[in-house]
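Asks: Both chains come to you apart, so use the hints to assemble them.
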Amino acid sequence: GNSVTQMEGPVTLSEEAFLTINCTYTATGYPSLFWYVQYPGEGLQLLLKATKADDKGSNKGFEATYRKETTSFHLEKGSVQVSDSAVYFCALVGGRGSTLGRLYFGRGTQLTVWP
Amino acid sequence: GAVVSQHPSRVICKSGTSVKIECRSLDFQATTMFWYRQFPKQSLMLMATSNEGSKATYEQGVEKDKFLINHASLTLSTLTVTSAHPEDSSFYICSAWNSRTDTQYFGPGTRLTVL
Numbered sequence: 001g002n003s004v005t006q007m008e009g010p011v012t013l014s015e016e017a018f019l020t021i022n023c024t025y026t027a028t029g030y031p032s033l034f035w036y037v038q039y040p041g042e043g044l045q046l047l048l049k050a051t052k053a054d055d056k057g058s059n060k061g062f063e064a065t066y067r068k069e070t071t072s073f074h075l076e077k078g079s080v081q082v083s084d085s086a087v088y089f090c091a092l093v094g095g096r097g098s099t100l101g102r103l104y105f106g107r108g109t110q111l112t113v114w115p
Numbered sequence: 116g117a118v119v120s121q122h123p124s125r126v127i128c129k130s131g132t133s134v135k136i137e138c139r140s141l142d143f144q145a146t147t148m149f150w151y152r153q154f155p156k157q158s159l160m161l162m163a164t165s166n167e168g169s170k171a172t173y174e175q176g177v178e179k180d181k182f183l184i185n186h187a188s189l190t191l192s193t194l195t196v197t198s199a200h201p202e203d204s205s206f207y208i209c210s211a212w213n214s215r216t217d218t219q220y221f222g223p224g225t226r227l228t229v230l
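Protein chains in written order, with our numbering: chain A, 1 to 115; chain B, 116 to 230.
Simulated from the structure, these hints should not be mistaken for lab results.
Don't take every hint at face value.
[Unchecked claim] Calculated pairs, DSSO-like style, for lysine-lysine (alpha carbon to alpha carbon, straight line, at most 30 Å):
#1 B:129 to B:170
#2 A:77 to A:52
#3 B:156 to A:77
#4 A:60 to B:129
#5 A:56 to B:170
Excised from the complex, chain B in its bound form (with noise of 0.2 Å):
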């Protein structure tokens, strides 16, 4: 199956400092990533949806401000969590979309941990 990774596995960031966190999409080209963050025991919340070489859809409730996203080349998309807080701690989780196969790929999850 198509391969997706993120970077790093788990941080843990100080409160008030910055993490970017890296998604690629390793063996096809994805127009389409999306980012989710899960809580323990529950399912994914989808927080905003990347496009290549055009601004991020955000859901309902999230911070554009907060949660930068880039999605600079076909293959790459980053999340950047800025001036992190202890609540922001929680499971990062991307995919990509290929549209040849209509299916998403995920990530293996980025564990953020803010003291």
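Next up, chain A with everything else stripped away, as it sits in the complex (with noise of 0.2 Å):
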């Protein structure tokens, strides 16, 4: 089946400082990957996506590589900034068998920058 391993969170981190968000994935087919965005009290933005193996999304300076070796989407940011302050989900979309669109998310981490 599909599912999504998010790391736990919280993650508090100081400006400036390097984030990591791990995720891996287990899915049938070869899926889509997706990281979105949860700002408090509003619904979810896509922050970005990889559609194939070795592909990279990349969106307001977070990466994330695709990884089928290690069944991976990762998300770094190189220097977070306060307003990077969220919750951010790590989903993908079901592959061969799945409803078309269908979205598979983590948990959910919630990341909290100080300035």
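Replies: What follows is the structure, given as structure tokens:
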């Protein structure tokens, strides 16, 4: 089946620190992988995505590389800002045999960045 | 990015009344929309998959008669919480799947409070 395992939070960092949030997955077929971000009281915003092995998604200084050999899609940012404080969700769109477009989410990781 | 709107953003109602939440895809046609429920500090729980022109597919444990879903057009899905009770208080989020980009785009969410 499809599932996403995400690093448990909360993660607390000082401004300009390096961020890594680990994400691994199991899936049938060849899923697309996503990172979504949720700010307090809001819905989810797409942060970045990758659709095939070795693709790197990037946006706003965040990056994640689709690693098929390790079934991972870790989120990284070289220098976090206070405004990056949010909850981050790793997700995949199910491959063959899954409902079209259905997302499978990790539990979410709360990131807090202090000035 | 694609825009999905949700209305209302916040609603307070009395126990026993029904509440309708609208989800609109503003710049693409969505044959499939999804409804989620999110409890504080938790991940999203998929409630149902809404398919344009056909019946919704509900996840196990979600009461069909309580959470009525209608997807009458390619840009609009509605969720009606019937005979709401305090335990239905939650944050409800919809999303629309863009098949062209294989990406889900989320609405901003609706905070429902049942007194």
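Asks: Each hint: holds or not?
Replies: Status of the hints after comparison with the structure:
1. B:129 to B:170: holds (28 Å)
2. A:77 to A:52: holds (21 Å)
3. B:156 to A:77: Holds, at about 23 Å.
4. A:60 to B:129: violated (42 Å)
5. A:56 to B:170: violated (37 Å)
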